[in-house]
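K.L.:
Protein sequence lines, in the order shown, are assigned to chains V and Y.
Here my numbering is used: the first residue of the first sequence is 806, the next is one more, and so on.
Here my numbering is used: the first residue of the second sequence is 96, the next is one more, and so on.
Hints in this document: simulated from the structure, not taken from any laboratory.
You may find that some hints are simply not true.
Cut-off 25 Å, straight-line C-alpha distance, at most; resulting in silico cross-link-like pairs (BS3-like, lysine-lysine) [unchecked claim]:
(1) V:860 to Y:105
(2) Y:164 to Y:123
(3) Y:105 to V:870
(4) V:904 to Y:97
(5) Y:105 to V:867
(6) V:936 to Y:138
(7) V:810 to V:853
(8) V:936 to V:870
(9) Y:105 to V:862
(10) V:860 to V:932
(11) V:952 to V:965
(12) Y:97 to Y:164
(13) V:862 to Y:138
(14) V:870 to Y:160
(15) Y:155 to Y:97
(16) V:870 to Y:138
(17) Y:160 to V:904
(18) V:932 to Y:138
(19) V:870 to Y:97
(20) V:897 to V:936
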Amino acid sequence: MDSIKQEGRTVEEAVALALEKLGITREEAEVEVIDEGSKGIFGLIGGKNAVVRVKVKVDPVKIGKEFLDNLFANMPLDEVTVEVVSEETDDKQVFYNIKCPDLGIVIGHRGETLDALQYLTSLVVNKATEKYYRVLLDAEGYRERRKQTLERLANKLAKKALSTGRKVMLEPMPPHERRIIHMTLRGDDRVTTYSEGREPYRRVMIVAESQPDN
Amino acid sequence: MKELVETIAKAIVDQPEMVRVNQVEGEKSVILEVTVADDDMGKIIGKQGRIARAIRTVVKAAATKEGKKVIVDIQES
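Excised from the complex, chain Y in its bound form (with noise of 0.2 Å):
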C-alpha cells in the first residue's frame, strides 16, 4: 500500500525526492502519512481536494483485497 501512494504521489509533485510515506499499522485500519515538500501541497490535494480524493479511491480499492481500512493522511511537513 505504502509503494502505491509513492508511486501515484511521486508521479505528480514537483518534487517526487521530497515525497515520503510513512506506514503505521492499526489492528484493522493502516494509516498511510504521506508528506510532499511545500509547494507541492496543491498538487497531492488538487482543487476541492480532487487529487486526494482520487489518490483515496485507488487506494480503498487496492485494499479491498486485503480486507484492511487504509487510510490516506495528507500531513504539512
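So here's chain V without its partners, still in its complex pose (with noise of 0.2 Å):
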C-alpha cells in the first residue's frame, strides 16, 4: 500500500506536494491530517508546519482485473477479454465476466479452472483492502447455466431417493454448488439433504424421510 507523510506550511500545501509525489490525484487519494500545523504569533515566532498522511486508495475493481489480465496474459489461450460487470459489482462484491474462445479451459471440469481463478483474485483482492470484498467470475453465463443444471438433478435424485427409500450420494462439489442443491430441496418435507466428507471431496446426500403416517 503506497502512502507518504508530508509537511507543508498548510494542510493544503502538504496534500497538494504529497499528491504530486505519489502521482495521483484527489480523487484517487486518501488524505489523514496528523498535525493541522499553526501559523504562530503573527506569523513569525512559533510557527509549525501542518503534517498530513496520503495514502493511495485501493479499487478493489482494478486490483481484480489487473490480476486476472496478467494472468490470462501468460496463459497460451487466445483473445481473453476481462470485462467487470457493473450491475453486479457493488460496495460489497466485484463480478467479472470472462470472455474466450477457448471457454472450456477457462472454465475446467464442472468449473473447477474458474473457481480457482475466482478463489485466488479474491485473495488478491481482499489482501489489499481492508474491508472484505466477495469475487465472483463467471465465464459467459457459465454460472446461470450450472446452477439450472443442479436444480434439474438435485429434483430428479431427490424422486430416486423416494422411489427407493434409499439415500442418494452426489459427486463431491464446490460449496457454492453444494448450497445449490440444498436450497434446492429445502422446500420440500419429504426429503432431507445433508454434506458428508472433506474439501474437495465433500458431498451432498440426500434422504428420503420416514413418513410415520402411512
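Could you use the hints to bring the two separately framed chains together as a complex?
P.N.:
This is the structure in C-alpha cells:
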C-alpha cells in the first residue's frame, strides 16, 4: 500500500505536495491529517508545519482486473477479455465476466478452473483492501447454466431417493454448488439433505424422510 | 508456464521480490520449483493446501494446450 507522510506550511499545501509525489489526483487519494500546524504569533514566531499522510486509495475492482489480465497474458489462450459486470458490482462484491474462444479451458471440469481463478482473485483483492469483498467470476453465463443443471439434478435425485427409499449420494462438489442442491430441496418436506466428507471431496446426500403416517 | 506461476505467486505473497520459480524440463513433463520467503509459505500453500491446489488447477488448465504435464513443486527455501 503506497502512502507517504508530507509536511507543508498549510494542510492544503502538504496534500498538494504529497499528491504530486505519488503522481495521483485528489480523488485517488485518502488523506489523514496528522498535524494541522499553526501560524504562530504574527505568522513569525512558533509557527508549526502541517503534517498529513496521503494514501493511494485501493480500488478492488481495478486490482482484481489487473491480476486477471496479467494472469491470462501468461496463459496460452486466444483473445481473453475480462470485463467488470457493473450491475453485479457494489461495495460488497466484485463481479467479472470472462470472454474467450477457449471457454472450456477457462471453465475446466465442472468449473474447477473457474473456481480456482475466482479463489485466487479473491485472495489478491482482499489482500489489498481492509474490508472484505466477495469476488465472483463467470464465463459467459456458465454459472447460471450450471445452476439450472444442478436444480434439475437435485429434483431428479430427490425422486430417486423417494422411490427407492435409499439415500442418494451425489458427486463431490464445491461449496457453492452444494448450496444450490440444499436450497433447491429445502422446501421439500419429504427429503432432507446434508453434506458429508472433507473438502474437496465433500458431497451432498439426499435422504427420504420416513413417513410415520403410512 | 514459469511466468504464470510467478505472476500468481507474486500477487498473493507479502514479499514478491523473494519469489523464485525454476523451470526444469523433462521429456514429458515440466517441473516448476517455487520458492518463497519463509514467512510466505502459508500464503502460497493455504489452509489444507487450498491455495497450492488452486494454483495447480490453473497451471494444469494452461498446460492442456501445450500437451505437457506440469508439476508445481513448492519448496522450502
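K.L.:
If a hint holds in the structure, say so; if it does not, say that too.
P.N.:
A quick look at each hint next to the structure:
| no. | hint | result |
| --- | --- | --- |
| 1 | V:860 to Y:105 | 22 Å, holds |
| 2 | Y:164 to Y:123 | 6 Å, holds |
| 3 | Y:105 to V:870 | 16 Å, holds |
| 4 | V:904 to Y:97 | 24 Å, holds |
| 5 | Y:105 to V:867 | 17 Å, holds |
| 6 | V:936 to Y:138 | 19 Å, holds |
| 7 | V:810 to V:853 | 16 Å, holds |
| 8 | V:936 to V:870 | 18 Å, holds |
| 9 | Y:105 to V:862 | 21 Å, holds |
| 10 | V:860 to V:932 | 16 Å, holds |
| 11 | V:952 to V:965 | 20 Å, holds |
| 12 | Y:97 to Y:164 | 13 Å, holds |
| 13 | V:862 to Y:138 | 24 Å, holds |
| 14 | V:870 to Y:160 | 24 Å, holds |
| 15 | Y:155 to Y:97 | 12 Å, holds |
| 16 | V:870 to Y:138 | 21 Å, holds |
| 17 | Y:160 to V:904 | 17 Å, holds |
| 18 | V:932 to Y:138 | 11 Å, holds |
| 19 | V:870 to Y:97 | 21 Å, holds |
| 20 | V:897 to V:936 | 9 Å, holds |
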